[in-house]
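*Asks:* Sequence:
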Amino acid sequence: MWVRWFSELSIDDVPKVGGKNASLGEMIRELAPKGIRIPDGFAVTADAYRAFLRYNELEDQIHDILRDLDTHDVSDLMKRTGQVRRLILLGEFPPDMEQEIVEGYHELSRRYHVKTADVAVRSSATAEDLPTASFAGQQETYLNVHGEAMLLESVTKCFASLFTPRATSYRHDMGFDHFQVGLSVGVQKMVRSDLASSGVIFTLDTESGFRDVVFVTSSYGLGENIVQGRVAPDEFYVFKPALRQGFRPLIWKRLGTKELRMVYDEAGSKLVKNVNVSAEDRSRFSVSEADVLTLADWAMAIEEHYTARRGVDMPMDIEWAKDGRSGELFIVQARPETVHSQRTVTQIQSYRLEEKGEVLVKGLAVGDKIASGTVNVIPNVSHIRDFKAGQILVTDITDPDWEPIMKTAAAIITNRGGRTSHAAIVSRELGIPAIVGCNDATRVLQSGQEVTACCAEGEVGRVYAGELRFDVHTVDVSQLPRPHTHIMMNIASPELAFKQAAIPNDGVGLARMEFIFANWVQVHPLALTRYDTLEPEVRAKVDEITAGYADKAEFFVDKLAQGIGTLAAAFYPKPVILRLSDFKTNEYAHLVGGALFEPREENPMIGWRGASRYYHPDYREGFVLEVKAIKRVREEFGLTNLLVMVPFCRT
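Under our numbering, residues 381 to 1031 are what the sequence shown spells out, in order.
Just so you know, these hints were derived from the structure itself, not from any lab.
Hints are not guaranteed to be accurate.
[As the list claims (entries may be wrong)] Calculated pairs, PhoX-like style, for lysine-lysine (alpha carbon to alpha carbon, straight line, at most 20 angstroms):
hint, residue 1, residue 2
1, K650, K569
2, K954, K633
3, K954, K879
4, K495, K569
5, K650, K537
6, K879, K633
Predicted model only: the values in this text are computed from it and were never measured.
Between the sequences and the hints, there should be enough to build the whole structure, so can you do that?
*Replies:* This is the structure:
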């Protein structure tokens, strides 16, 4: 029996169908009855893969080709694995196996009332998606496959993809025998997310490992662009404890650039193709807040199920898709998260630059480390032989073909990709800093240039000119004595809150709202409430900052609530004392549009600031926005641990 329907499988079937297919079966059996939608399909078993090798007498030939393989010799690795893949691609299916696969496809088509169903054909290695290793993405996936011949060809290609350079190298480095790892193939009905959106979910914060959030990413079209790092997606954080209590705690969101949309290639020769996304669609979020909250709820249910099933805490890495025809959401994959779930946090390591230099490029920081070294700009995978260990890898985008050199890099810098892209996931697993989504790194940085890649300054990663001095400080949290006195923290940056909350503490004694003003909002509140009175150049700058928001005042309330909410969530349920805005007039004037609304004072230190400003007719409407943000954090997000401090009170 070479084919097993997902509904017949459970997580106990990993040896037969691999982690990906076993997980789909587990969810269809256990979670679909609870309202979580998973597309139907079947698995071609790992036994079928092994029988395919035996039928074509390939095992001894593959052994001979891979004997004494040195995976660090990239040229030889690529040559030998190419020989193995060619052997497999020339193989034929045993007649009974071919018949079973074709009959399964016909039955799936009948279930969806179509003549030839469009399916996704995905590899599922028998050692894949285990908590201690991330095989994700190392074997191939084929989308919009339709018809018997195309399906059989795609299954054979999946078999062959077990011997790509990156998969072969990874197995070798992780101590997996090449022939102990089998390959099953999942055949799953496609979700028409090419007409809507799709993305990735992690049931923790991917940078700090903070467990009380669900991290959701979304972009237009089929999900491969996010996984492969071709686009910077929209990002959202949902706070788990408040969601369980029935609140709507979407505490943080960021608009991605989403330049490309992967769609079906209806008229061309390819299965799928990328098209450009219009400026209008790029300026709005690709998924609704209601859908984000639904996905977070489903992700928590999936995490809770696997945690109970495995008997250990089991954060999950999940892929989702929205069908543009039906408007329905679906979960298309779920696997254990493989980086933070394997760590026991007893030590906190902090990196700090001891000097500053010229910032050459910026992007999204992955991890929180710093590395210095020599730049090597590698234009594409055919040039990876030119890379030397210890250099800083700079390229447009990575995929699993790059992994043999990624593990030797001091840092990784890419033009494209978000925090769930291939480069981000692999660098996290390797424990090296990465800066992704820089846009122009390959143009600005030059091979041979000495630089410092810094991921220790919050969510923005910076590449500085020169090899800058930096300090690494390690604290063993388990050895820290706790005094009888309650020790509360001072904190300003929401971007660092999840990490800093791991330091032993009794809450936050001072959270400064003005930091969020300056770094998250950036615009003077009155420039938003009186937008129509602004000069054209100021209005253009406001439009750029508030992209994705039709209502300018709502932008202020939402961004301020996100910053405050992130601080409160990080330390929940401990108290977080927020000081209302305490900028001086000269500091307010530095915000975008601020010079139009602030007086010039001889001594701003004792001038129009703090409590006296809040009730003043010239600022009252701005203070109303601050109060609305606080109200949202407490009443909509459910973060009642947020307390308010009124600064600079005087008579």
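*Asks:* Next step is simple, just say for each hint if it's right about the structure.
*Replies:* Here's how the hints hold up against the structure:
Restraint check: the Cα-Cα separation between K650 and K569 comes to about 19 angstroms, which is no more than 20 angstroms; the hinted pair holds. This hinted pair does not check out: K954 and K633 have alpha carbons roughly 23 angstroms apart, beyond 20 angstroms. A hinted pair counts as satisfied when its Cα atoms are at most 20 angstroms apart, and K954 with K879 qualifies at roughly 16 angstroms. A threshold of 20 angstroms between alpha carbons decides the hint, and for K495 with K569 the separation of about 13 angstroms falls inside it, so the pair holds.
The suggested pairing of K650 with K537 holds, with an alpha-carbon distance near 15 angstroms, which does not exceed 20 angstroms. In summary, the hint linking K879 to K633 is supported, as the alpha carbons are separated by about 18 angstroms, within the 20 angstroms threshold.
Violated hint: 2 only; the structure is consistent with all others.
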